[in-house]
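2 protein chains.
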Amino acid sequence: MINKMISKIKKLDAPIVVGLDPMLDYVPEHIKRKAFSEFGETLKGAGEAIWEYNKGIIDSTYDLIPAVKPQIAMYEQFGVEGMVAFQKTCEYAKSKDLVVIGDIKRGDIGSTSTAYAVGHAGQVQVGEKKFRGFDEDFLTVNPYLGSDGINPFIDVCKEEKKGMFILVKTSNPSSGEFQDQLVDGKPLYELVASKVAAWGEEHMGDDYSYVGAVVGATYPKMGEVLRKIMPKNYILVPGYGAQGGQAKDLAPFFNEDGLGAIINSSRGIICAYKQEQYAKFGEQGYADASRQAVLDMKEDLKQAYVK
Amino acid sequence: MINKMISKIKKLDAPIVVGLDPMLDYVPEHIKRKAFSEFGETLKGAGEAIWEYNKGIIDSTYDLIPAVKPQIAMYEQFGVEGMVAFQKTCEYAKSKDLVVIGDIKRGDIGSTSTAYAVGHAGQVQVGEKKFRGFDEDFLTVNPYLGSDGINPFIDVCKEEKKGMFILVKTSNPSSGEFQDQLVDGKPLYELVASKVAAWGEEHMGDDYSYVGAVVGATYPKMGEVLRKIMPKNYILVPGYGAQGGQAKDLAPFFNEDGLGAIINSSRGIICAYKQEQYAKFGEQGYADASRQAVLDMKEDLKQAYVK
Numbered sequence: 001m002i003n004k005m006i007s008k009i010k011k012l013d014a015p016i017v018v019g020l021d022p023m024l025d026y027v028p029e030h031i032k033r034k035a036f037s038e039f040g041e042t043l044k045g046a047g048e049a050i051w052e053y054n055k056g057i058i059d060s061t062y063d064l065i066p067a068v069k070p071q072i073a074m075y076e077q078f079g080v081e082g083m084v085a086f087q088k089t090c091e092y093a094k095s096k097d098l099v100v101i102g103d104i105k106r107g108d109i110g111s112t113s114t115a116y117a118v119g120h121a122g123q124v125q126v127g128e129k130k131f132r133g134f135d136e137d138f139l140t141v142n143p144y145l146g147s148d149g150i151n152p153f154i155d156v157c158k159e160e161k162k163g164m165f166i167l168v169k170t171s172n173p174s175s176g177e178f179q180d181q182l183v184d185g186k187p188l189y190e191l192v193a194s195k196v197a198a199w200g201e202e203h204m205g206d207d208y209s210y211v212g213a214v215v216g217a218t219y220p221k222m223g224e225v226l227r228k229i230m231p232k233n234y235i236l237v238p239g240y241g242a243q244g245g246q247a248k249d250l251a252p253f254f255n256e257d258g259l260g261a262i263i264n265s266s267r268g269i270i271c272a273y274k275q276e277q278y279a280k281f282g283e284q285g286y287a288d289a290s291r292q293a294v295l296d297m298k299e300d301l302k303q304a305y306v307k
Numbered sequence: 001m002i003n004k005m006i007s008k009i010k011k012l013d014a015p016i017v018v019g020l021d022p023m024l025d026y027v028p029e030h031i032k033r034k035a036f037s038e039f040g041e042t043l044k045g046a047g048e049a050i051w052e053y054n055k056g057i058i059d060s061t062y063d064l065i066p067a068v069k070p071q072i073a074m075y076e077q078f079g080v081e082g083m084v085a086f087q088k089t090c091e092y093a094k095s096k097d098l099v100v101i102g103d104i105k106r107g108d109i110g111s112t113s114t115a116y117a118v119g120h121a122g123q124v125q126v127g128e129k130k131f132r133g134f135d136e137d138f139l140t141v142n143p144y145l146g147s148d149g150i151n152p153f154i155d156v157c158k159e160e161k162k163g164m165f166i167l168v169k170t171s172n173p174s175s176g177e178f179q180d181q182l183v184d185g186k187p188l189y190e191l192v193a194s195k196v197a198a199w200g201e202e203h204m205g206d207d208y209s210y211v212g213a214v215v216g217a218t219y220p221k222m223g224e225v226l227r228k229i230m231p232k233n234y235i236l237v238p239g240y241g242a243q244g245g246q247a248k249d250l251a252p253f254f255n256e257d258g259l260g261a262i263i264n265s266s267r268g269i270i271c272a273y274k275q276e277q278y279a280k281f282g283e284q285g286y287a288d289a290s291r292q293a294v295l296d297m298k299e300d301l302k303q304a305y306v307k
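Going down the list, the protein sequences come from chains A and B. For the first sequence, position 11 (counting from the first letter as 1) is numbered 11 according to the working numbering, and the numbering increases by one without interruption. For the second sequence, position 295 (counting from the first letter as 1) is numbered 295 according to the working numbering, and the numbering increases by one without interruption.
Just chain A, same shape as in the assembly (with noise of 0.2 Å):
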């Protein structure tokens, strides 16, 4: 799955990843009436109202891109209804030869994770027969409980040749609480990128491993330590548009091969018809308005990749 995923993006030209965080204020009026008048102002309703509002953006960007990647804390909010809005939408997405990487920071440890990384990537047993409870390509997982957190989903990985993005160092303000201690003289985030390094090493693509890191668009400096600390591990940069990162602070996280990192927007892609920019596609146009953000942001990222 990491060779399909580096393939498209060298195909597309494209090291993008299409955040899919619906809130229910994103989705275009016209969408919610309908799936209101249908199932009424209820979870099933607003459940229907994401994943219509999905599809959308799918239908008019899965050319362009790689990977969607679904934040499913946004489905979970609706309950079992978000949850089968999850499931439409990474089903979907496969069904257009997408990588879905789910955003779920899932972590806990033995038969536990190997719980979360069976139910998200592989087949549970039940009675003779197996199943899929959801499926997506890749996963997000928290590091904080150590091996025993991390070694279950990659065995689950390994059999089913999918993957998966650990947390070295988030995008956000406060991860430095943590993340930045010193330990040795070096931050908490370092050692866990050694780790990485090391877990990569036992499930490895063609040129990349299956085992990536998580590290934020908005402290660039640091990616260009943990660059190297991971040079087989790719990259998965969020915080890239709204949440402050730019182009030109994306190139410590490529390799001099013009890959290793893929970088997610979410809002900036979704709810593109809500900027100014975007403006003339209206609510109506919101897909089309996607389209457009993405066809920007692919130019705008040539600056952090092309070598």
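Think of the hints as simulated: they come from the structure by calculation, not from any bench. Keep in mind that a hint or two might mislead.
[Said to hold, decoys possible] With a straight-line cut-off of 25 Å between C-alpha atoms, the simulated DSS-like cross-links for lysine-lysine are: (1) K11(A) x K248(A); (2) K130(A) x K130(B); (3) K55(B) x K298(B); (4) K8(B) x K88(A); (5) K298(B) x K129(A); (6) K248(B) x K130(A); (7) K129(A) x K88(A); (8) K8(B) x K186(B); (9) K186(A) x K186(B); (10) K88(A) x K130(B); (11) K34(A) x K129(B).
No experiment lies behind these values; they were computed from the predicted model shown.
Position chain B against the provided structure of chain A, taking the given hints into account.
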């Protein structure tokens, strides 16, 4: 909710939480047979089986214990149908006046953390109405992202008079890889604990905070130190029983008032019928075996907290 939990712990003389972590191979054959005959060997059949299994355990123990802790991974592995079982389990436990600790170990930033908090402990706005997606009383939360990840949970919990337990020192063997690293001469988990104490002051109950901590029973010496750093924070203690923690090791987790800790047992209770000690109950009597295991645990724990 922290006041309710403490008053139930006192009244029942039982600082016990039963971990509802149902693996399908824990479920007695007669329950699986019934569920599969109705819904087939499907995800729905699996969801029905674990829900019926939980219901039996709740029915046979609810008058003895203050709380249950469903581990969401064990449900999530069955996809949407598992989440239905999770929701039904939480709802049913609450109908029996049990405090429900959702062991979800979520953690993200800003609006994403808010979405998790809203989805599991709060109310989500849909049009003019508000709904509860999932509905737990306490949540477990991962601290790796710092205050940006914790504050949204505190905000929602304040509104709802609900609470949370933040991972400080987990019970697994590799928890030390990051958590034990020395920061200014002290292990990281102590720094996390001091933050938990500070976060806790923002949301106090009568004697204890709504913000607690998770500290593994397998690390009693660390428990002693952490008890002092977080005098007003309840400690949720996993690792008793199956993971090797013994009652005599639990004393340091309790305060002089005999309170301050709630001990989790999962397999030790829900799979009691598979232990030699409770084999006489048989598979059909699995729920009675669980009841006896709770009674035995209650007696065993007295050496830890009766001062």
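Structure-based check of all given hints:
At roughly 23 Å between alpha-carbon atoms, K11(A) and K248(A) fall within 25 Å of each other, so this suggested pair holds. For the hint pairing K130(A) with K130(B), the CA-to-CA distance comes to about 37 Å; that exceeds 25 Å, so the pair is violated. With a C-alpha separation of about 21 Å, the suggested pair K55(B) and K298(B) falls inside the 25 Å cut-off, and the hint holds. Annotation: proposed proximity of K8(B) to K88(A) is violated, straight-line Cα distance about 42 Å (limit 25 Å).
A C-alpha spacing of about 40 Å is found between K298(B) and K129(A), which places the hinted pair above 25 Å, so the restraint is violated. Distance restraint check for K248(B) and K130(A): the Cα-Cα separation of roughly 43 Å exceeds the 25 Å cut-off, and the hinted pair is therefore not satisfied. Only pairs whose Cα atoms come within 25 Å are accepted, and K129(A) paired with K88(A) is accepted, the gap being roughly 22 Å. About 36 Å separates the Cα atoms of K8(B) and K186(B), which puts this hinted pair outside 25 Å; it is violated.
At roughly 15 Å between alpha-carbon atoms, K186(A) and K186(B) fall within 25 Å of each other, so this suggested pair holds. Between K88(A) and K130(B) the CA atoms are separated by roughly 24 Å; this keeps the pair inside 25 Å, and the hint holds. Simply put, K34(A) and K129(B) have alpha-carbon atoms about 17 Å apart, close enough for the 25 Å limit, and the pair holds.
Comparing the model with each earlier hint shows violations of hints 2, 4, 5, 6 and 8; every other hint is respected.
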